[in-house]
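Protein chains in written order, with the numbering used here: chain A, 1 to 335; chain B, 1 to 335; chain C, 1 to 70; chain D, 1 to 329; chain E, 1 to 329.
Hints are computed from structural coordinates only; laboratory data are not their basis.
Errors might be hidden in some of the hints.
[Said to hold, decoys possible] Some chain E residues near chain C, calculated using beta-carbon distances under 8 Å: (1) L219; (2) F283; (3) H284; (4) H285; (5) E287; (6) E326.
[Stated by the list, open to error] Derived pair list, reagent style SDA-like, types lysine to any residue, alpha-carbon separation capped at 20 Å: (7) K110(E) with K292(A); (8) K33(C) with W325(D); (9) K110(E) with D263(A); (10) K110(D) with D152(B); (11) K33(C) with R56(C).
[What the hints assert, rightly or not] Computed Cβ-Cβ distance ranges for the label pairs, DEER-style: (12) D186(D) with G234(B): 35 to 43 Å; (13) A226(E) with R267(B): 41 to 49 Å; (14) S181(D) with D51(C): 41 to 49 Å; (15) D322(A) with V313(D): 24 to 32 Å.
Every residue, glycine too, gets a C-beta built ideally from N, C-alpha and C.
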Amino acid sequence: MSAGQLKAAITPARSLDETGRLVRGASVPDPEALVEGYRKLVFARRLNEQCGALVRQGRLAVYPSSRGQEACQVACASVLADGDWLFPTYRDTAAIAARGVDPVEVLTLLRGDWHCGYDPDEHKVAPQATPLATQLLHAVGVAHAARLKGEDTVVMALCGDGATSEGDFHEACNFAAVFRAPVVFFVQNNKYAISVPLARQSVAPSLAAKAIGYGMPGFRVDGNDLPALEQVLGEAVARARGGEGPTLVEADTYRIESHTNADDASRYRTDDEVTEWLPRDPLLRVRTYLRKAGALDDDLEQKITAAAEEMAAAVRAGVGADTPVDPGDLFAHVY
Amino acid sequence: MSAGQLKAAITPARSLDETGRLVRGASVPDPEALVEGYRKLVFARRLNEQCGALVRQGRLAVYPSSRGQEACQVACASVLADGDWLFPTYRDTAAIAARGVDPVEVLTLLRGDWHCGYDPDEHKVAPQATPLATQLLHAVGVAHAARLKGEDTVVMALCGDGATSEGDFHEACNFAAVFRAPVVFFVQNNKYAISVPLARQSVAPSLAAKAIGYGMPGFRVDGNDLPALEQVLGEAVARARGGEGPTLVEADTYRIESHTNADDASRYRTDDEVTEWLPRDPLLRVRTYLRKAGALDDDLEQKITAAAEEMAAAVRAGVGADTPVDPGDLFAHVY
Amino acid sequence: APALAPVAAPVAAPAPVRAPGGYVPLAKPPVRKLAKDLGVDLYALTGSGPDGVITREDVESAVSAPAAAP
Amino acid sequence: MSAPKMTMAQAINAALRDAIAEDDSVVVFGEDVAQLGGVFRVTDGLHAEFGENRVFDTPLAESGIVGMAVGMAMNGMRPVVEMQFDAFAYPAFEQIVSHVAKLGNRTRGKVRLPIVIRIPYAGGIGGVEHHCDSSEAYYAHTPGLTVVAPATNADAYGLLRAAIASPDPVVFLEPKKHYFSKEEVDVSVPVPPIGRAVVRRQGRDATLIAYGPSVPVALAAAEQAATEGRDLGVVDLRSIVPFDDETVCAEVRRTGRAVVVAEAPGFASVASEIAARVGERCFHHLEAPVRRVTGFDVPYPPPKLEHHFLPGVDRILDAVDTLQWEDAA
Amino acid sequence: MSAPKMTMAQAINAALRDAIAEDDSVVVFGEDVAQLGGVFRVTDGLHAEFGENRVFDTPLAESGIVGMAVGMAMNGMRPVVEMQFDAFAYPAFEQIVSHVAKLGNRTRGKVRLPIVIRIPYAGGIGGVEHHCDSSEAYYAHTPGLTVVAPATNADAYGLLRAAIASPDPVVFLEPKKHYFSKEEVDVSVPVPPIGRAVVRRQGRDATLIAYGPSVPVALAAAEQAATEGRDLGVVDLRSIVPFDDETVCAEVRRTGRAVVVAEAPGFASVASEIAARVGERCFHHLEAPVRRVTGFDVPYPPPKLEHHFLPGVDRILDAVDTLQWEDAA
Ligand SMILES: Cc1ncc(C[n+]2csc(CCOP(=O)(O)OP(=O)(O)O)c2C)c(N)n1
Ligand SMILES: Cc1ncc(C[n+]2csc(CCOP(=O)(O)OP(=O)(O)O)c2C)c(N)n1
Ligand SMILES: [Mg+2]
Ligand SMILES: [Mg+2]
Ligand SMILES: [Mg+2]
């Protein structure tokens with residue numbers, strides 16, 4: 001445990017600053033790859049907006065938005081290979097979609113039709129976890145089984161800042177470290193667990209610093225900075241795939257909307273606080289950078305927006321469709 | 001989190017080396033105080049031996065010996081004030097006795113007469129905890145309540161290396177740190193959790209290093225070195241009492257005997273390993289130091305031994321006595 | 001507090017009358033079934049068993065003594 | 001003169017407020033209970049009124065919350081903790097079963113734990129998975145836990161006051177689907193003791209036995225049955241442990257017929273216990289087997305299917321129909 | 001020609017060995033199961049024989065063990081995990097109830113979990129607190145869990161093989177007081193399916209219903225009763241879930257009298273369930289109420305008092321005496 005390692009666990013890595021300028025010493029993917037990232041960010045944002053609208057229309061029961069966290073959502077999916085696994089939570093609908101699962105299938109849960117609407121095995125995406133931190137252990141199990149079978153699968157396990165307080169977070173990190181399981185623990189520190197602010201969750205120098213207590217590398221990264229996220233997460237995935245065991249990555253980000261539509265964030269935080277985070281928008285800086293780099297013009301943006309609109313229309317149609325539910329399912333697959 | 005803090009969490013503090021020499025830069029209490037410590041070590045050792053004998057005679061159902069860990073047992077009790085609380089485990093009979101509870105009352109549990117044989121509130125000693133790490137949370141609760149009431153109580157919470165893997169360890173450390181609860185978490189790292197060696201429990205640089213992830217100070221100390229333990233634990237208690245919150249202290253020690261009499265340590269460790277630890281005996285080095293310092297002569301040793309024998313005789317008599325058990329107790333105090 | 005109904009049913013009520021909700025003739029289930037099979041109305045019987053429980057014999061003798069029938 | 005109307009959430013809020021105000025040792029804590037006032041607003045305003053030392057948010061860890069409550073109770077406080085939803089109390093299961101329930105007995109009464117564990121429980125709110133479990137059997141089966149499940153807002157107030165006053169631990173199950181229904185609550189009516197069931201409706205023909213969220217359903221079934229000429233009584237247990245055999249058996253002995261109604265899956269449940277005890281204690285009075293109308297032995301279903309799962313009026317009346325009326329008067 | 005004698009620990013060990021040898025996806029893990037062979041030596045020799053990839057020790061964390069098993073099962077393995085003692089499975093309760101039990105249903109069978117959770121359970125070994133809990137009700141009440149409790153060494157072998165072969169999760173309860181009793185076990189006898197009870201003793205007068213550690217006690221009670229002129233049958237459930245109504249009810253309908261015997265505290269227990277179902281399904285055949293002889297509703301007592309707690313021959317025969325023999329044929 002060197003001073004450098006400690007610093008990496010505390011000071012967020014950055015690639016692009018809030019004005020879209022490359023941070024000194026940092027590198028970003030070539031513009032074409034970054035345009036693809038931007039496209040995914042726009043999709044994620046559009047999906048968040050669409051789902052918000054569907055809730056207001058009463059077509060979804062509830063939606064925990066990842067607005068403001070889209071860079072995290074996109075990055076954690078994009079660094080994975082096809083055979084890798086993603087373990088998402090209720091807030092990670094956009095990440096699952098970024099991984100390629102049809103959002104309509106993902107929304108089955110929030111529509112109230114069934115619990116999990118996609119085939120986890122087909123997509124290598126676990127059901128969205130609601131009991132906090134419990135899924136992290138499943139992620140370790142999938143990873144350990146892969147290793148025992150000699151497969152080079154990597155598992156990306158997501159949770160929030162609040163979930164790091166649960167015992168299962170601890171047990172999962174420790175099991176992964178002890179078994180050198182190929183897991184990347186990715187904590188989206190969006191500063192709140194419903195109403196409870198980070199300061200009531202932890203007084204550690206960072207959440208990534210918890211890695212030290214498990215004997216694994218820990219990294220903190222600007223969670224609104226797509227290239228930085230892809231780099232840090234990508235390296236963690238590579239380490240895991242190379243047999244070097246797990247990594248804990250903490251993204252420094254912010255939940256722009258309420259916990260869910262059912263929540264009223266004004267009860268526990270000020271508008272000023274939210275306003276402060278708006279310029280740090282994850283789409284904005286990539287867009288500015290690409291614009292300046294000449295890789296994104298009006299025409300391309302227009303295409304990206306149109307494609308996102310198409311996706312949104314499909315989501316509206318799919319969620320709006322009258323899918324029959326079968327009471328017989330109640331009794332199926334119980335034993 | 002400075003480099004020095006990191007070092008303190010990883011490199012064990014020492015006062016007396018294995019040959020009884022003062023470690024450079026270290027200080028020890030004045031000889032009289034140390035003689036008192038030595039007396040307690042002899043008592044603790046004698047109690048371990050006596051209980052082992054009682055098990056062999058079938059008078060105790062089982063006994064988890066703290067042989068080799070007596071310095072830990074004595075130190076954690078001796079740094080506490082009367083109003084402070086001790087939260088022990090099944091292995092900490094000697095620590096409870098060092099706190100002043102009649103060993104016969106403590107042995108009620110292992111005799112099978114009742115679950116807890118002493119009055120926790122009278123002695124400020126919680127019942128010996130068997131479900132691992134669960135008691136650490138109770139310790140935090142007692143400490144937090146004391147703070148809310150404006151009392152300056154400190155709580156000493158004990159657990160083993162194995163117990164640090166449990167979720168409750170994590171939750172307790174985190175709650176204590178977040179609430180700045182006056183708790184000292186004292187991990188006796190005796191290298192085994194029954195048969196499972198430390199390496200299967202954790203790959204962190206140390207168990208004390210886990211403190212970093214909670215934002216509290218962590219210290220590693222030679223667990224067979226009474227003055228070092230008393231210093232590190234004493235400072236932790238002082239910090240807690242001064243409102244500076246919890247500390248995690250890890251003692252580097254070794255379980256000389258099997259997990260309990262029912263266990264057969266030869267199935268999972270070599271005699272050589274045990275033999276290596278014998279010269280690090282916690283009594284030996286204090287004795288050598290005191291002898292050299294002229295504070296301990298044959299006469300005084302003889303007195304100490306005689307007193308310990310008296311204690312042992314009382315334990316034999318008390319445990320041997322035919323105390324009636326009342327089946328009515330089954331139904332008492334359930335609701 | 002609500003008005004509580006009697007804790008135990010009246011024991012061997014002298015003149016059992018059909019009063020649902022206030023009185024249930026005591027009998028074990030197979031005796032009830034026997035009574036039903038034989039067309040005997042338990043409300044018309046007085047139990048000879050402990051605590052006034054209607055026994056098989058009570059039912060059987062009710063059949064052989066049709067006078068007891070309603 | 002009628003008492004003010006309040007929702008069950010408000011009644012519980014009032015009970016907490018009054019308890020905190022009256023007794024310095026009462027503290028309220030859990031996830032989101034302070035600043036937010038709880039996800040159901042049950043603790044709304046308490047933090048502002050009583051401050052951080054009496055009402056506070058914890059880190060997100062249920063075992064931590066309950067474990068800390070044990071310690072605080074050991075040190076003279078009366079913790080009232082909230083588990084955010086039924087299924088999110090499971091991480092605290094070891095603390096509840098091995099410590100909360102047992103410490104009094106383990107120490108021969110030297111250490112007693114006046115802890116209340118409040119759990120918003122059961123379904124009927126269209127909640128997604130893990131938000132609608134009826135978990136009472138786990139607690140009721142565990143010796144050492146008093147288990148209370150109010151069905152009315154007045155009971156929610158009175159029973160919670162009694163639970164907080166109890167020197168020993170109480171699991172307090174709040175039927176979350178009733179949080180926002182209004183009823184008259186007269187908080188000046190003396191607090192009814194825990195352990196007494198109440199006959200909510202007198203009935204001659206059969207007795208419905210229910211608690212918590214199933215009581216209004218049973219009453220609705222009785223209403224419906226009345227229009228069809230069948231007079232059903234309804235007993236509201238109010239507390240599952242202690243169980244009020246006297247009240248329950250008096251009713252069943254009078255009617256000779258019983259149906260137990262509960263949301264939880266039926267196997268090895270509180271409904272099983274009721275059927276078993278009634279079967280044993282009212283044996284000679286039973287005109288028909290005791291029927292159970294419960295949730296099915298399946299995981300709680302998604303919102304669109306929950307009405308198939310929940311015991312409703314129809315299923316209750318179907319069960320009533322099987323009570324061998326052919327030989328009824 | 002008699003089969004070799006083995007202890008229940010050896011029978012379970014043989015089942016694990018045979019399963020690991022036959023199926024590459026079977027893995028065994030938990031606390032102290034590898035090098036040590038388990039605190040009861042149930043996994044003795046397996047680590048040496050099959051190596052670290054098949055049999056391994058984990059860090060000390062039960063939620064971790066079960067949670068990891070879920071993931072391994074999702075990725076094609078058949079984990080057989082050991083909880084060291086009954087009460088030490090409680091930290092894993094959330095994983096068991098919210099995931100192990102439900103994942104198959106939650107994913108409409110897309111993800112199935114062939115996990116076996118082995119739990120040395122129940123009392124009678126003079127163990128200190130937390131080492132003797134009968135925790136079957138918690139699992140049996142949870143939809144999605146198959147719950148097996150063998151009473152004989154041959155069943156321990158056969159049922160464990162069946163449990164490991166099951167595509168869905170099984171909680172396998174091993175009566176720890178039988179670990180070291182020897183019986184003949186013929187492992188070549190075909191594996192009996194899970195879900196079938198067996199009549200261990202035919203009896204005309206009344207039926208004792210038991211499972212796991214209570215079966216031998218019931219048999220001893222029947223022995224004793226025979227010397228007193230009463231002919232008691234004994235049904236061994238073998239699995240609690242699924243419950244074999246057919247076998248149980250056939251017996252009770254024949255005898256008209258039943259006593260349920262189980263170690264766990266009685267309230268809202270498996271014994272309650274049995275009494276309730278038998279009361280419902282055999283109603284017209286019952287000459288007497290179904291009696292329950294169970295542990296009391298108190299925490300498991302210390303060693304010197306456990307014989308007062310455990311259902312023994314005397315308490316069973318006392319219950320049998322209450323079965324209203326006065327109007328027996
Ligand atoms: C075990 C458990 N306890 C409580 C909850 C209720 N709950 C749902 S989300 C949430 C806050 C989670 O915060 P965080 O982990 O930071 O994730 P975020 O919602 O901010 O993405 C809580 C308390 C739960 N789902 N699971
Ligand atoms: C929750 C729980 N799981 C398992 C056990 C069984 N058990 C008793 S002691 C022990 C090992 C504990 O090791 P450690 O924490 O290092 O303490 P030590 O015995 O070495 O003092 C185990 C696994 C337990 N008591 N509690
Ligand atoms: Mg958060
Ligand atoms: Mg836990
Ligand atoms: Mg140890």
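Consistency of the hints with the structure:
no., hint, in the structure
1, L219, "27 Å, violated"
2, F283, "5 Å, holds"
3, H284, "4 Å, holds"
4, H285, "6 Å, holds"
5, E287, "6 Å, holds"
6, E326, "7 Å, holds"
7, K110(E) with K292(A), "47 Å, violated"
8, K33(C) with W325(D), "13 Å, holds"
9, K110(E) with D263(A), "33 Å, violated"
10, K110(D) with D152(B), "23 Å, violated"
11, K33(C) with R56(C), "10 Å, holds"
12, D186(D) with G234(B): 35 to 43 Å, "58 Å, violated"
13, A226(E) with R267(B): 41 to 49 Å, "45 Å, holds"
14, S181(D) with D51(C): 41 to 49 Å, "44 Å, holds"
15, D322(A) with V313(D): 24 to 32 Å, "27 Å, holds"
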